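The task is simple: from the sequences and hints, build the whole structure.
2 protein chains.
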Amino acid sequence: MDDIQVLVPNDDNDADDEDEETTSNPDFINTALIQGNEEIITEVENPSLLSSLRSRLNKKLTVNAGSLNVLSTKYESLDYDTCENYLLLDEERKKGYKFIVRKITAKWTIFLFIGMITALIACLIDISIDTLCQLKYGFLSDYVDNYVIRGQLYVPYLYWIGFNIIPVFIGSVLVAYWEPVAAGSGIPQVKCYLNGVKIPRVVRIKTLIAKAVGVVCSVVGGLAGGKEGPMIHVGAAVAAGISQGKSTTFKSDLHIFRYFREDQEKRDFVSGGAAAGVSAAFGAPVGGVLFSLEEGASFWNQSLTWRIFFASVVSTFTLNFVLSMYYGEFGNLLFPGLFNLGHFEEFSYSLYELPVFALFGAFGGLLGALWNSINYKLAVFRIRYLQKPWLKVMEACLVATMTATAGFLMIYLLNDCKPLGQDPTKFPTQVYCGDGQYNVLASIWFQTPEASVRSLFHDPPNTHNVASLFYFVIVYFFLSCWTFGLSTSNGLFIPSLLTGAAWGRLLSVGLFYIYPNKALIHPGKYALIGAAAQLGGLVRMTISLTVIIMETTDNISFGLPLIVTLMAAKWTGDYFNDGIYDIHIQLSGVPFLSWDPPPLSHNIYASEVMSHPIASLKNVENVGYIAQLLKDTSYNGFPVVDPPILNNDEVTIYGKLRGLILRSQLIVLLQNKIFNETSDSWSNINANIFRDEYPRYPTVDKLDLSEMEKTYSVDLRPYMNPSPYTVLHSASLPRMFRLFRALGLRHLPIVNDRNEVIGMVTRKDLARYRVWRHRGQMGVEELLVSKEI
Amino acid sequence: MDDIQVLVPNDDNDADDEDEETTSNPDFINTALIQGNEEIITEVENPSLLSSLRSRLNKKLTVNAGSLNVLSTKYESLDYDTCENYLLLDEERKKGYKFIVRKITAKWTIFLFIGMITALIACLIDISIDTLCQLKYGFLSDYVDNYVIRGQLYVPYLYWIGFNIIPVFIGSVLVAYWEPVAAGSGIPQVKCYLNGVKIPRVVRIKTLIAKAVGVVCSVVGGLAGGKEGPMIHVGAAVAAGISQGKSTTFKSDLHIFRYFREDQEKRDFVSGGAAAGVSAAFGAPVGGVLFSLEEGASFWNQSLTWRIFFASVVSTFTLNFVLSMYYGEFGNLLFPGLFNLGHFEEFSYSLYELPVFALFGAFGGLLGALWNSINYKLAVFRIRYLQKPWLKVMEACLVATMTATAGFLMIYLLNDCKPLGQDPTKFPTQVYCGDGQYNVLASIWFQTPEASVRSLFHDPPNTHNVASLFYFVIVYFFLSCWTFGLSTSNGLFIPSLLTGAAWGRLLSVGLFYIYPNKALIHPGKYALIGAAAQLGGLVRMTISLTVIIMETTDNISFGLPLIVTLMAAKWTGDYFNDGIYDIHIQLSGVPFLSWDPPPLSHNIYASEVMSHPIASLKNVENVGYIAQLLKDTSYNGFPVVDPPILNNDEVTIYGKLRGLILRSQLIVLLQNKIFNETSDSWSNINANIFRDEYPRYPTVDKLDLSEMEKTYSVDLRPYMNPSPYTVLHSASLPRMFRLFRALGLRHLPIVNDRNEVIGMVTRKDLARYRVWRHRGQMGVEELLVSKEI
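Sequences listed follow chains A and B, in order. Quick note, in my numbering, the first sequence goes up one by one and the last residue is 886. Quick note, in my numbering, the second sequence goes up one by one and the last residue is 886.
The reader is advised that the hints may include incorrect statements.
One copy or two, either will do: identical chains are not told apart, so a pair holds if it fits within one copy or between any two.
Stated by the list, open to error - Below, in silico cross-link-like pairs of lysine to any residue (SDA-like), each with a Cα-Cα straight-line distance of 25 Å or less:
no. : residue 1 : residue 2
1   : 753       : 849
2   : 715       : 850
3   : 715       : 849
4   : 799       : 486
5   : 195       : 210
6   : 303       : 487
7   : 192       : 692
8   : 195       : 515
9   : 195       : 459
10  : 192       : 700
11  : 753       : 797
12  : 515       : 610
13  : 753       : 251
14  : 343       : 794
15  : 295       : 488
16  : 753       : 827
17  : 200       : 699
18  : 753       : 740
19  : 715       : 802
20  : 192       : 785
21  : 753       : 850
22  : 195       : 700
23  : 192       : 883
24  : 191       : 876
25  : 204       : 175
Hints in this document: simulated from the structure, not taken from any laboratory. Every value quoted in this text rests on a predicted model; they were computed, and no experiment measured them.
Right, dumping it as structure tokens:
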């Protein structure tokens, strides 16, 4: 079996988390099969149902690793629908409005801490990287110049390899063996989480530690990766940690903030954490909010957004304050983000440059599509052949070696010398240059990629020679592509910006010769446009990327050029393939719900989409039956129904829907031996018994029920959700999709017109229908659903 | 009867637009009354239902004008739910994916034009105001100096009054007699529209013209009002006009963009228009997007937001381009918005200033709450006593006179002189000052309020004398309060900013004496904080206001001070009353849905909230019956049901729900004589017959049906929405609220557990339950619903 290591490398104990698609033991299904029901059978005349039946058969086929059109059954959904059971009503009645005010205060406090702690971690990462890189590159620069004289250039080369491999080795061992979900930038994982998919362990403290240490290792190791993407993941994990008042990693429960222990509340905090992460990374509080909304929120809520914005502003302020203090500029607040492009005030543009920006964007889109396509092939290769942790570590070390080699060869072969003085680098390295000169390429390689991007934006014209830029673009393009997806913790923002800035600067040289108004051709401006185009071509983000770049450049008037560039990049790239994050999400088979239902799908009905038959429970149900049902099926939600009735002239084979109960609720009930209760004793049970177990409920195998207990019965009515949203079997796919997406549902029972449950629609049933756009064509495809991915 | 003129001054021909609350003719109700139904009767034991019944009785009471807790029955909802009928499916099948691509292209084009045309109108308004004000104030300045020498200062005073009254008279006649919905800033109206309430005539071309001309008149007339708020309304109207390809005002139909003729599509464009308006007004494209989202969108959609952002960026670019050209700075792009606070780069702040900002915010919140409370009392006075158009015109002229008088008295009495040279004004007026000096107050009064705000922000310290600022704050505070709500077209952003900037600058003088680090006390910085605090105290906007101010000051690093100030202002203000827009919305009884359902309302059930009995139709219905039903009821949506059946042992008195059909659809069917059709002839009918009439369908009285035709029957099935969202009668209020709000519904049929319709919930039924927060207390109130408001 092939394993997708892109999102969830080890899926231990996820085996019984499979969702509704698995066939369940027919003994425990107390509803009839489809064939007996005249409600549905009329629909079979519909040809599209037949095609759907055919596609269900296809699911039995084996799935090739690396396929983009298969959904995995192993991901669970988060549930954003409030369970309005008796316990909630009881709690509401007891707590009153004072509790609401306290809850609001708690929320603001938590968001404050999310902002502050995210920023402090960012500072720690930044200071560590800065210190270690100074040591490393200072040492290397000295060594190169010493050994050049002796003609023993292989010595610093070996040192360089060593300095790259050691941190990369540490970082990749951490990721490959200790916490595989900390690999990469973490943005796809956070995106999936905010979309409503539970990615195991994605916001745990262990992941946070692996991520933070890992990112220092890989940046110090000189990999073509940045620390900005991981900051978003760090922020998300911080938020989840603080808001829950408990930690599974440390096995401690502070018993505070228990009322935030539900998916909906946690998601809100995680949105804030992601925004605070962006804000700390780029000094872009508004961009952070927009990122969080663009990637996550489906339902815009004014007060939530205001709180997210607060966390973002606190984050950038804290970072600024601490870093300014550290760099000896106390109170000057010069460091709004980890990555700061510097102030671009001097630039202006004219109307007739807009087509040029669009061309740059289109070029970036082309390059981005190529990058994505290579990276996709690489990811498939990794899935097939590089599954073992030690192989992953080896690959990371190989990339670290290749990075040093590429840098060394460029410095050695391209003797690009510039006079000292207008020196933009900390460690001017002479190599083979004459006295009073320094090697430009060495200065690019002997600093962090962030500093290189800044140089390319702000260096005066003619600092860089055309050949150096050209080879640099090619080398860095492939290096960054090879690096993304390694078992190390690093992002792709900075390497993409660097590649783009380099080719933007390169193309500006060409423009200088053909363009009428030479005053406007500032290479730094075109480096910025190139950087935006390249990054836009890779990730295909829209409004948030524009605003992030506007904020990092501290230039609002550059909005139109950026929007034109990013639009052209997105449209060009989308012609060939999806954004890189989406490719990785698809590779891992996550049932991701897009913003809108697929177009022209009003002729697909609930009866074709739903899973059936379903396993349902009675209002008062036998404990042994429940335990067996939980063991034998992998469903996560069970309709609670009246028993089917037998009338004189009407035979119902399905029961009327009375409520919906979750697997996790049933397990908590059985675990706490809450059965044979009368309505008098309900008042002793409160919602906290469910919250104490959140979010990792015990599995059914952990239940210890005696044979006596199995004969008891449990009244499910006080715990179930008594009025779940339902739709008729004749509802169309877009109708279900909008309901599901807008309200963040996990289960949508499908009823017939006697209000009897005949099927269930979950996230996977809807995510299966996906729009594809390719080379100007458009359509809807039906994905396969498989356990094998 | 008292009439609310704040939102909809004349409600001609709205008489039969009343919604479900009106009692309908019992002859045409084919469902039984509540008493007969055992489904519901069990609920009556519930004490909260009894209290709800009691409150329904209260509705018969007469409502006092100016009450804030009454909803009017006269507003209709917009419908954002797609009607998935046969015609839609048929159209989808015929058009295919090429049509989807064409539709997307059309959308981008429309958003481009929305941005451009909004900006061009803004330029036109700006240039007109600029030209006329230069003439006016140049003339006045000369006259004052001439007549001071002769000792006949009453002459320029009379001229001043004249110059104020003439434009204000024109503007207020236009608004009071020609198009009353153009009064005020238009923001509350746009806010209601985006929330899903149909405000009659709010986005018509006639309104656009009245607004544009009116705003020029009132600003030239010297009223304490700005042109920025109206720009948002202008943008919204432009968007509605362009996207529909037809104009009711001009009675022309271009027959383009017909597929955008539905509430949902139109709302999307109007969001874009509002954003483009903000963007043009403040040069704040990101702020515009956030404004549009904060005030309108309930469901965040990535691609829509991206288009809105595009329109905003195009708008600020076009404005910048045209104004730069007009002011002779071609290509320099110095005018990103109508209102530009200038660049604030020089400011920095320290951590220990944050509490000071919070205090400023709290003070602004106090002043804002006072302002709102006075303006509310004034609005009630206007509703009671100033209903006649001529009285409204008189009041506007009185305010114009008072404005001139106040200015004149201040110039005359406070002889605040400064030496020329550091002169920040165009028309230095000497009055009683010595030679080489000018009167500071005359320079404030003899320019537009925008220019005065800029002076207060950027004038060097000690330009303004404490007494002048003090009197100016008092005078302008009351003048702006009196002006808002007049029958003229102007906004409150600029006067609030001006008041706030003046007291901010005033307080900074005090701070200068008590504060340790005097270098930080730049009066301009505190003027900015004061301006933000005052505006925030009035309108209580959050993220969008912060971003708008960040963008107009072109300073991203000032985010934290602004957020602290605005948060303090909002919290302080909310302690006393609501934001001014909300007060005006409540005054007019608009059923506005807030972001979240009221807290602790899970014990209110659908069966108490719904309207019943309901009027329903059969699948194939008699034409005469439909016509009569439309005449006798004022419902806008009718459930289509199976006839009730009589079984051996089960008597159903309600019919099973088969679909939902709208009044407008029925009228179009009857008007086009679409009856007695067989399924063969359906293919001749397409969805365009409904679109051609959108959005102003004929009334039922316009139908001309012969007696013969009344005996025909019409098959409603191809036109009705066959699977409307429904909930059970046991669903809670929050559950219905979330469904309704997230999906933008207009009608929510309530069914029993046999799927029979027993009631209907509309916007008013949900908006009736409102949270109140007052002086730290919190609760839920049930509003009255009345026809009399």
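Could you figure out if residue 753 and residue 251 sit no more than 25 Å apart (CA to CA) within one copy, between two copies, both or neither? So residue 753 and residue 251 fail the 25 Å test inside a copy (79 Å) and across (85 Å) alike.
Alpha-carbon proximity between residue 204 and residue 175, which holds within one copy, between copies, both or neither at 25 Å: within (21 Å within a copy, 34 Å between copies)
With identical chains treated as interchangeable, where does the CA-CA distance between residue 715 and residue 850 reach 25 Å or less: within a copy, between copies, both, or neither? both (20 Å within a copy, 16 Å between copies)
Is it within, between, both or neither when you check residue 799 against residue 486 at 25 Å Cα-Cα? So residue 799 and residue 486 fail the 25 Å test inside a copy (30 Å) and across (77 Å) alike.
Evaluate residue 192 and residue 692 at a C-alpha cut-off of 25 Å and name the case that applies: within, between, both or neither. between (37 Å within a copy, 22 Å between copies)
When no copy is named, should residue 753 and residue 850 be tagged within, between, both, or neither for a Cα gap of at most 25 Å? both (10 Å within a copy, 8 Å between copies)
Alpha-carbon proximity between residue 192 and residue 785, which holds within one copy, between copies, both or neither at 25 Å: This pair counts as within: shortest intra-copy Cα distance 14 Å, inter-copy 54 Å.
Evaluate residue 195 and residue 459 at a C-alpha cut-off of 25 Å and name the case that applies: within, between, both or neither. Between copies only: 23 Å across chains, 56 Å inside a chain, cut-off 25 Å.
25 Å Cα threshold - placement of residue 849 relative to residue 715: For residue 715 and residue 849, both the intra-copy (18 Å) and inter-copy (20 Å) Cα distances are at most 25 Å.
When no copy is specified for residue 753 and residue 849, does a C-alpha distance of 25 Å or less occur within a copy, between copies, both, or neither? both (9 Å within a copy, 11 Å between copies)
Homo-oligomer pair classification [residue 700, residue 195; C-alpha up to 25 Å]: between (49 Å within a copy, 18 Å between copies)
From the Cα coordinates, with 25 Å as the cut-off, is the pair residue 295 and residue 488 best called within, between, both, or neither? neither (28 Å within a copy, 64 Å between copies)
In summary, the numbered hints that this structure violates are 4, 8, 11, 13, 15 and 23.
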